[in-house]
Structures are given as C-alpha cells and as structure tokens.
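If you read the sequences in order, they're chains A and B.
Throughout the first sequence, residue numbering follows the working numbering, covering 1 to 115 in sequence.
Throughout the second sequence, residue numbering follows the working numbering, covering 1 to 109 in sequence.
Just so you know, the hints here were simulated from the structure itself, not pulled from any lab data.
All of these numbers come straight from a predicted model, not from anything done at the bench.
Warning: the hint list may mix true and false statements.
These stretches of chain A come out as covered by chain B in the derived footprint (C-beta under 8 Å, 3 or more residues) [said to hold, decoys possible]:
#1 13–20
#2 39–53
Short, incomplete list of chain A residues facing chain B, as computed with Cβ under 8 Å [what the hints assert, rightly or not]:
#3 33
#4 58
#5 86
#6 88
#7 90
#8 103
Pairwise CB distance ranges, derived in the manner of DEER restraints [what the hints assert, rightly or not]:
#9 B:12 to A:38: 19 to 29 Å
#10 B:12 to A:39: 18 to 28 Å
#11 B:18 to A:13: 39 to 49 Å
Beta carbons are placed, not taken as given, at the ideal position from N, Cα and C, and that holds for glycine.
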Amino acid sequence: KAGVTQTPRYLIKTRGQQVTLSCSPISGHRSVSWYQQTPGQGLQFLFEYFSETQRNKGNFPGRFSGRQFSNSRSEMNVSTLELGDSALYLCASSLTGTKSYNEQFFGPGTRLTVL
Amino acid sequence: KNEVEQSPQNLTAQEGEFITINCSYSVGISALHWLQQHPGGGIVSLFMLSSGKKKHGRLIATINIQEKHSSLHITASHPRDSAVYICAVAGGNTDKLIFGTGTRLQVFP
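My request is simple: use the sequences and hints to build the entire structure.
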C-alpha cells in the first residue's frame, strides 16, 4: 500500500499570501488529521476530518482552514500568512481517527517558510 | 503545566545500553501513542497503547492507566535509534491528539 503523501514538500511564501497544502491518505483510511510543528511550540493539532466532516479542531485562528473530499484526500489552507506560520505541516491518516484503536500514519510533511 | 510531560528532554547513550523514556499525562485518555521522528521530519508511529504492554523488536512500551504514566524502553540501543521520541495522548474532553515536547536521543557507537 502506498503511504501518506503530501504535496508540495517545500514551499516559500511571503507575508500576506495564502497557501494550500494537500494530503492523500492511505487507501481505505477515512480520517485525516493535520498538525503544525515548530521549534518553539512543538507538535500541535490543527484539525481532523472524517468522511468530509471536520470532527475536531485545535486552537488556531480562523486563517487556518481545511476540507476533505469524497475520496478522503484533504487540503488545508492558510490565508494572510504571517512569519510565525513558518513550520512543518504534517498530515496523518488512520482508518477511523484517533478516537478508536487505530494507528496514525504520518506523511513526510510540507515545510513552509514565510518570508 | 503541560498536559503531557516527557522526561528526559535529552538523552545520550552508548551503543548497547538500555534506554527508558517516560511520559506522564494529566487528562483522561482513550489511547497513548509513541512516535519516532528522524532528522528531516518524517514521523513513524511506534506504538499505540490503551493498557498493558507492547513489544516490537527491541522496543517495549508500557502504560499504567491508574498512574497516568507510560514508558518506552529500547533494549540494546543502536546508533540508528538516534531520533526524537514523542509521546502523544488521544482523549481528554475533545479526543484530540496532545503531544509531549519530545525526547532527543543520541546513541553513540
């Protein structure tokens, strides 16, 4: 089975721009979660989607949004980028999400740099 | 106080040593995850536990639900075990994953 894929792997943007990141889960997995990792804050949960519905949301401003498509692929969008949004953005897929006894499979991440 | 605390933050070891990394949490959980992150960022899920003990090769993870504590043990450590090990819990009121700050392990030959 192919693993979780994320595109693009690297991205450089300037303040004020917006960005869309993509995540393709493992075939058959219906849950996709997004995480932000920074040196200062570590790993933080952004949101989780299951069957096209946002099931959980972390403590991030409304500039961070996401969606999931019927094929379980997910996108996250960050609008009006700030310098502090520079981070590694990771997505993870699982069969039914963190609530049940299912392992999370992580993608390689998208490293976003905001200049 | 963080909801998930890991210790130690940094750990160095000689090849062959037995290693223990600890994780304490303060929320009710449905599961606890141990993750491994190598330089470059890729994260691999090592274990998911809700009770007892799991073993995979040289890795052993235990959890004590009553004491809200988990340990990750590495037997016969090897330089390729050098990585950041992250504890994460799923549960609390919202069931989101909450992460510890990680333990950076370096194993020298």
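Hint check results:
no., hint, result
1, 13–20, "violated (count 0)"
2, 39–53, "holds (count 5)"
3, 33, "7 Å, holds"
4, 58, "6 Å, holds"
5, 86, "14 Å, violated"
6, 88, "5 Å, holds"
7, 90, "6 Å, holds"
8, 103, "5 Å, holds"
9, B:12 to A:38: 19 to 29 Å, "25 Å, holds"
10, B:12 to A:39: 18 to 28 Å, "20 Å, holds"
11, B:18 to A:13: 39 to 49 Å, "45 Å, holds"
Hint violations for this structure: numbers 1, 5, all remaining hints satisfied.
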